[in-house]
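With the sequence shown counted from 1, adding 7 to any position gets you our numbering.
Mixed in with the good hints, there may be bad ones.
With a Cα cut of at most 25 Å, we get these calculated PhoX-like pairs of lysine-lysine [claimed, not checked]:
1) Lys39 with Lys95
2) Lys124 with Lys95
3) Lys92 with Lys111
4) Lys124 with Lys92
5) Lys111 with Lys95
6) Lys39 with Lys192
7) Lys242 with Lys92
8) Lys136 with Lys111
9) Lys192 with Lys136
10) Lys242 with Lys95
11) Lys111 with Lys124
12) Lys242 with Lys39
Hints were generated in silico from the structure; no laboratory data involved.
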Amino acid sequence: MSPLERLARLDRRWIFLMMGILVLIPLLWPLKMEIRPTASSRTFHRAIAAIPDGATVLMSCDYDPGSIPEMVPMTRTAMRQLWEKNCKVVVTVLWPGGPGLVDKVIEDVAVADFPGKRYGVDWVNLGYKPGNEAVMVLMGQGILTAFPNDYRGNLTRSLPIMQRARTYADFPLLISISAGYPGTKEWVQQVQARFHLPMVAGVTAVSAPEFFPYVQSGQLVGLLGGMAGAAEYEKLRNESGDASRGMDAQSLAHVFVALCIVLGNLVPRRRAGS
């Protein structure tokens, strides 16, 4: 029996096992494959770097646990870059399943890398408020009006960070990390178009092509697309995070799938009943 005939009789469970091993290895021992940042990722990074040190920034993290692999690495890296500039960060979450997740992600960054950062002084999570686009419009009339209390139940007007974050005009930049609706598109339509607030975005890979026209028109200053965009951002920051490890695993998996497709077209077909 030839090697190709043996492959034709290979139990598919061996293929599943090999795929699992190829995905697991880079997650445990990063391969550090070359990552070449795109222009949109570079402009995302430069837009945050251009913010005045100590400024107060608005970040909307509109996602839930289903989008952790793509959205969380973007959030972590953006928070590190902002806090290195000593910026204050006002966070909103317009997805009901997101506030607790986002709160933990930012708290973990603070504990691990910036132990001196204090909630209510250096950052605040305003939490979830139903209404989608209506919430964005209401924030234009006053942040404290839209969110009288934060996610943790504090009066927002009592928090030091909110003393200089009353309207959109108080923010030099809006960072939208979005997995869908409501998210980046609505922030562009309801806030960027009305209040001319400079804006960058990180979105899922499947939705990224939809937003490149916004980059070309200047409505988005920079754009990260999916795990690849998050990995490019980490590369620009000289970090090796979850997105970089995820791209190693994804790349090996893609190569293995392509190899299986090629071999599947080379092996002799098995007759029915054999």
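Structure-based check of each hint:
At roughly 32 Å between alpha-carbon atoms, Lys39 and Lys95 are farther apart than 25 Å, so this suggested pair is violated. Between Lys124 and Lys95 the alpha-carbon distance is near 10 Å, which keeps this suggested pair within the 25 Å criterion. Distance restraint check for Lys92 and Lys111: the Cα-Cα separation of roughly 21 Å lies within the 25 Å cut-off, and the hinted pair is therefore satisfied. Proposed proximity of Lys124 and Lys92 is supported: the alpha carbons are some 12 Å apart, at most 25 Å.
With a C-alpha separation of about 17 Å, the suggested pair Lys111 and Lys95 falls inside the 25 Å cut-off, and the hint holds. At roughly 33 Å between alpha-carbon atoms, Lys39 and Lys192 are farther apart than 25 Å, so this suggested pair is violated. Straight-line distance between C-alpha atoms of Lys242 and Lys92 comes to about 18 Å, which keeps the hinted pair within the 25 Å bound. For the hint linking Lys136 to Lys111, the alpha-carbon distance of about 18 Å falls within 25 Å, and the restraint holds.
Distance check on the hinted pair: Lys192 and Lys136 sit about 18 Å apart at the alpha-carbon level, within 25 Å; holds. Simply put, Lys242 and Lys95 have alpha-carbon atoms about 24 Å apart, close enough for the 25 Å limit, and the pair holds. Restraint check for Lys111 and Lys124: the C-alpha separation of about 14 Å stays at or below 25 Å, so the hint holds. Restraint check: the Cα-Cα separation between Lys242 and Lys39 comes to about 10 Å, which is no more than 25 Å; the hinted pair holds.
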